[in-house]
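Number of protein chains: 2
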Amino acid sequence: MAAAMTLYHQTVPQFTKVLSNIEAWLDLGAEYAKAKNFDVSVLLSSRLAPDQFHLLKQVQAACDQAKLTCARLTGREPPKHPDTEVTFDEIKARVATVKSYLATFTEKDFEGVDTRMIPLGFMPGKGMFGADFLTEMALPNFYFHASMTYAILRNNGVDLGKRHFIGSLKLQDL
Amino acid sequence: MAAAMTLYHQTVPQFTKVLSNIEAWLDLGAEYAKAKNFDVSVLLSSRLAPDQFHLLKQVQAACDQAKLTCARLTGREPPKHPDTEVTFDEIKARVATVKSYLATFTEKDFEGVDTRMIPLGFMPGKGMFGADFLTEMALPNFYFHASMTYAILRNNGVDLGKRHFIGSLKLQDL
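If you read the sequences in order, they're chains A and B.
Going letter by letter, the first sequence gives residues 30 to 203 in the numbering used here.
Going letter by letter, the second sequence gives residues 30 to 203 in the numbering used here.
Looking at chain A on its own, in the form it has when it is part of the complex (with noise of 0.2 Å):
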């Protein structure tokens, strides 16, 4: 049986499995790096445009809208993630603390979350509903890292396709 829409199954479920995506991701590229005999710090540091983030920090931000996202949406103070990785098992470690995280919340914490007012930070005294900061800011921000972490990648010539990107999906019985 189906369940209508929640901001809880739009994020948790859904950030984790991207951020596992991710861990797969940085795994091929890192059997790359040791299949043509290249350090894989090559890889972290990659960027597309010179005013860009590199690979490292992409993933350090797609961290921070899925930590970041469920926290202002539910009120929560988020931990803190001071940026310090460097070396591809700390990134990795990075994305495992966070979603270590994610699995601390429940649906009931997302109760009545698409009305909240979410103050934003970057903005005084301006907010977002909840529903409107998740549909036009949270999930656009998530998903423009996590591309760029797969762009970056992908342009440095890991291996990687759309479904690797998707990753598995709820299917049903027709």
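Honestly, the hints are just simulated from the structure, not real lab data.
Copies of the same chain are indistinguishable here, so a pair counts whether it falls within one copy or spans any two.
Below, in silico cross-link-like pairs of lysine to aspartate or glutamate (EDC-like), each with a Cα-Cα straight-line distance of 20 Å or less:
hint : residue 1 : residue 2
1    : K191      : D93
2    : K191      : D80
3    : K128      : E106
4    : K128      : D93
5    : K121      : E60
6    : K65       : D188
7    : K109      : E119
8    : K155      : D202
9    : K63       : D188
10   : K128      : E52
11   : K121      : D68
12   : K86       : E119
Here the structure is a predicted model, which means the values were calculated and not measured.
Following the hints, put chain B in place on chain A, whose structure we already have.
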């Protein structure tokens, strides 16, 4: 007064806005080509990897995700777009056509769509509930192709930033 989230709000106005953003990115690409004295078709045929869609095809794909998501969620037969665009003006016209199509949908068309079964054309005998289809397939796919469009332009030196990706926001006074 805030309304609870609906699949209409998650799709029609948001897809329309992002397609308008894409029109603005393309215009910035055309200005850049003019300033640098190269043909804009060079941008349209650019890609990040040899086995990836080029820019023009990324825009076609973003258009298709917007169109097909709304059509399939609401059970309508979508208009056909045979991907014949080659020139800058033609791809701009395709985006405008899809925006006009999106404008034919109303909130009423999306009533009950959360729990509607959406058959998957590429997976005979399988489907997804509307809310899952939106969250796991339609939004990631739409933002993927929008992001690749942005990334290819960015990779070629077009002066885009995150604000161009996000676009306007439904702000409220606190």
